[in-house]
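Protein sequence lines correspond, in order, to chains A and B.
Here the first sequence stands for residues 1 to 227, numbered as in our numbering.
Here the second sequence stands for residues 1 to 293, numbered as in our numbering.
Careful: at least some of the hints might be erroneous.
Lysine-lysine pairs mimicking DSSO-like chemistry, simulated, CA-CA at most 27 Å apart [claimed, not checked]:
hint, chain 1, residue 1, chain 2, residue 2
1, B, 196, A, 46
2, A, 94, B, 189
3, A, 205, A, 5
4, B, 196, A, 130
5, B, 196, A, 132
Keep in mind the hints are simulated off the structure, nothing from the lab.
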Amino acid sequence: MIRLKDVHKTYVNGTHALNGVSFQVDDGDFAFLVGPSGSGKSTIIKLLTGEIVPDRGRVMVNGFSVSNIREWQIPLMRRTVGVIFQDFRLIQNKTVYDNLALAMRAVGASRATVQERIPYVLELVGLRGKEKSFPDQLSGGEQQRVAIARALVNNPITIVADEPTGNLDPAMSLEIMTLLERINALGTTVIVVTHERELVNHFRKRVILLDRGTVIGDGVGTYEVEA
Amino acid sequence: MKNIGYFFSEGCRNMLTHGFMSFAAVGITVACLLIMGTFSLVAYNANVNLEILQRENAVVAFVDDSLSDQEAQAIESRLAAVPGVADVTFVSRQEARDTYVANYDENGLYSELSANVFRHRYVIHITDQEQMHAIAAAVEDVEGIDKVRADEAITTGFITVRNVAQIISFALIAVLLVVSLFIISNTIKLTTFDRKDEIAIMKVVGATDGFIRWPFVFEGMIFGLVGSVVAFGLQWLLYAAIADGIAGNDTLQLIRIVPFGAIWAPVALFFLVVGMLVGIAGSLMAIHRFLRV
Ligand SMILES: Nc1ncnc2c1ncn2[C@@H]1O[C@H](COP(=O)(O)OP(=O)(O)OP(=O)(O)O)[C@@H](O)[C@H]1O
Ligand SMILES: [Mg+2]
Numbered sequence: 001m002i003r004l005k006d007v008h009k010t011y012v013n014g015t016h017a018l019n020g021v022s023f024q025v026d027d028g029d030f031a032f033l034v035g036p037s038g039s040g041k042s043t044i045i046k047l048l049t050g051e052i053v054p055d056r057g058r059v060m061v062n063g064f065s066v067s068n069i070r071e072w073q074i075p076l077m078r079r080t081v082g083v084i085f086q087d088f089r090l091i092q093n094k095t096v097y098d099n100l101a102l103a104m105r106a107v108g109a110s111r112a113t114v115q116e117r118i119p120y121v122l123e124l125v126g127l128r129g130k131e132k133s134f135p136d137q138l139s140g141g142e143q144q145r146v147a148i149a150r151a152l153v154n155n156p157i158t159i160v161a162d163e164p165t166g167n168l169d170p171a172m173s174l175e176i177m178t179l180l181e182r183i184n185a186l187g188t189t190v191i192v193v194t195h196e197r198e199l200v201n202h203f204r205k206r207v208i209l210l211d212r213g214t215v216i217g218d219g220v221g222t223y224e225v226e227a
Numbered sequence: 001m002k003n004i005g006y007f008f009s010e011g012c013r014n015m016l017t018h019g020f021m022s023f024a025a026v027g028i029t030v031a032c033l034l035i036m037g038t039f040s041l042v043a044y045n046a047n048v049n050l051e052i053l054q055r056e057n058a059v060v061a062f063v064d065d066s067l068s069d070q071e072a073q074a075i076e077s078r079l080a081a082v083p084g085v086a087d088v089t090f091v092s093r094q095e096a097r098d099t100y101v102a103n104y105d106e107n108g109l110y111s112e113l114s115a116n117v118f119r120h121r122y123v124i125h126i127t128d129q130e131q132m133h134a135i136a137a138a139v140e141d142v143e144g145i146d147k148v149r150a151d152e153a154i155t156t157g158f159i160t161v162r163n164v165a166q167i168i169s170f171a172l173i174a175v176l177l178v179v180s181l182f183i184i185s186n187t188i189k190l191t192t193f194d195r196k197d198e199i200a201i202m203k204v205v206g207a208t209d210g211f212i213r214w215p216f217v218f219e220g221m222i223f224g225l226v227g228s229v230v231a232f233g234l235q236w237l238l239y240a241a242i243a244d245g246i247a248g249n250d251t252l253q254l255i256r257i258v259p260f261g262a263i264w265a266p267v268a269l270f271f272l273v274v275g276m277l278v279g280i281a282g283s284l285m286a287i288h289r290f291l292r293v
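Same shape as in the complex, but just chain B (with noise of 0.2 Å):
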């Protein structure tokens, strides 16, 4: 389109005008993909945790010492009748042992350990962590079943993360989306109101709406543009001192936070498409009822 540069740089001139509103406008969108990126990106990384947690965190199930082993391997069918339960595997004693032994036992302190200490167990893969209880429970029903070992704190911790961050941030993205919005359209309100005699005579002189609106929809659309590429750059360093921080942290150190540099992309793309919406959509508004005269 040939006119692109004009509308380009007559939307520039609009913003300059106001420049403090103009300002408002981009600090406000800036502020707004923050909040929203932040939350999202807690929200996935939580549940990117529990998706490990899925993988890796097993409920053991162990067996009543009175059983023999024929009789122990036999429960098997039924731990995977249970429902929710994805996978059952038998450890026997010996091989408990074994594995304790090739972890733990670094000085070969624990070359003489008897196999008697251990006990038959099964390691039970669930199909959905948020469930762990009830299906521990159930596991734990089963004859000949002893005891059972199920570590519900961490999944519940980080189920009871995700929820939060995803209600917080669904709310606050309707409120904050509502408030970019409205001060988006007000600052190009006070564009189209500074330059109504301009208006007046493009109008007169046969300019047609679409002409006149897009000087206004290339000033939100740099709004978005400014305020997304802001925000995106905040993001990033706001991710990586937390990200830091959790990982120079003892006791938080078991989250998994997926680096920014493999999810960048759609975090900046996301960013850049919210921006720019909101941007063009505050212009439309304001324009709108403006061009009916």
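With the rest of the complex left out, here is chain A (with noise of 0.2 Å):
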């Protein structure tokens, strides 16, 4: 479960980013965030990667608080969370296949098993037989399904998404949202930023609307700016 309670964050340049946000996604919901730039959403993606803290209020995030999170938990809590960035991240110079390694390996665990899991990940994300491409054979679309099984091959319990369709043609959009929905229809809780409206309103999910640093608006159904 995520849940932000009257979370306010200044940066140190003295930016405003975040003043007083609320809102609460339960295990297995899916969630758009949306919002003109600037409004905060990838602060919210940070605090919830653990990357900055909030300076008051409250960030759960599968338990783990991270307003006073010990130093050795911040690892455990980043296991219970996928990410998917807008451009992708990917290691260029290796296989698609070691790009998965890696972000198993990196949590312990053993050869075995990332055998075991790389081919089921990739069958799930539509990448079966792209093992041994590198991403830079790959289309922006495969790139970004791929980062999309890094995401996964870890099994946890929430995915966030800053704009995963920020550098892809509308067609790839569609294909990677409802990739992103059918993960959440398997039990993975999915939270994703982005800027585009029609996308938003053909899902017809929960969109949790931001404006400069605080929730303005949160309802299933469409993206609706206000004026």
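Relying on the hints, combine the two individually framed chains into one complex.
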């Protein structure tokens, strides 16, 4: 479960990125996080991945409290959250297989576990047979699917994606979003940050609308920016 | 630990991605160990020679010829009381003559040699070779002693060699350790820089700092290990060559060189420990700041 309660965050340069944000996403739910540029969406994602800590308020991530977490617990918290970035962040000189293996070995998985898990996850994201390809041999949509596979390999409770379709054309964006919806249907909590209104409206999921660091709308349906 | 094979192979991969820098890091470690080892071994051998001298090199004090036998023997207690004197042995004229004849008379040439040619004497061992000059002077001042023969030149030579080797090795060790630490740490910094994307991903998926650190520690350890093995081999060759050179030289022959076979184990251990420590310290230096992100 993800829960933010009256969260404030001011960056060192004085920018008030979040001014009292509260919302909750239950296990197994799907939520879009939308809002204009600079409204604080990526800041929320960074709080959920433990990259930054809140100045005020509480951030709960799958049982860990980000504001007063012990240093040694941060890796454990991160293992419960799979992260997907706009720019994929694949290792260019590693094959698809090795990119996924890196993520698994990093948390201590044995070679045997890796060999068993990777084909399953690649099948899930529709990349069977691309094990030996390098990222630059794949289309943008395929690369993002590798990144999704990497976020999934360690079986996280939650997947957070910060503009996963920002670098993709509309057709591919729809594919990726559909994949995330399928992953959610299999039981993983999914939180997706996006700008793309048509896409959001197409799926008819819960939409959390941010503006200038506060939540100004939260409900199932469509993404309509208020005047 | 179940991941040790993984850390090791990652460490090797790190090394190979920077072939030239890795070569430089190993090379500098070898050079450091070799120089440290050589000076330490020179100092060690000088010390061994000094200890042998301590046992064998005696001050000989000749008794004034005008003294009677009784008077000559009576000096013994006065000699023993001189500070720095370890033991005193009286050698009579007759004994001195007999020893001389036994040592040098191969053809019976000296069989008629009279004991009167020799003088009563004392063979004195001293506690500290470095004080030989002062002790010899003090012995000479004892009443009834005519003349003292002390072979200072060799002793002084060994002491100088040992002191110089010690000073140089301490100064060099300090400088060289810093240099090799710096080179190793910079080589590993290159790999951390190369792999910063990988490290970032590892952190995102929840790798611990310890886990991220290990391959780099292994890389440093391998530098240290390879460096110490190569240095040990070269040290062995160098030592053997120098020992042969000294044994084959007429004037230098009296220097005793401890055979390498007798000291290889401590030398190997020293190289291994210093090499590994430098390697590990270098890698920790390289990744220390990196992980604080
Ligand atoms: N590291 C930082 N240091 C200082 N200010 C920052 C930092 N990161 C973000 N900000 C500022 O905080 C505010 C919120 O930024 P954030 O990245 O969360 O917005 P966003 O909703 O993700 O925007 P976009 O849709 O453009 O990605 C912005 O004003 C931004 O300039
Ligand atoms: Mg953003």
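Here is how each hint holds up against the structure:
For the hint linking residue 196 (chain B) to residue 46 (chain A), the alpha-carbon distance of about 19 Å falls within 27 Å, and the restraint holds. Taking the CA atoms of residue 94 (chain A) and residue 189 (chain B), the gap is about 21 Å. The hint holds against a cut of 27 Å. With a CA separation close to 22 Å, the supplied pair residue 205 (chain A) and residue 5 (chain A) stays within the 27 Å bound. Only pairs whose Cα atoms come within 27 Å are accepted, and residue 196 (chain B) paired with residue 130 (chain A) is accepted, the gap being roughly 25 Å.
Distance hint between residue 196 (chain B) and residue 132 (chain A) is fulfilled; the C-alpha atoms sit about 23 Å from each other, no more than 27 Å.
Every hint, counting from the list given before, is met by this structure.
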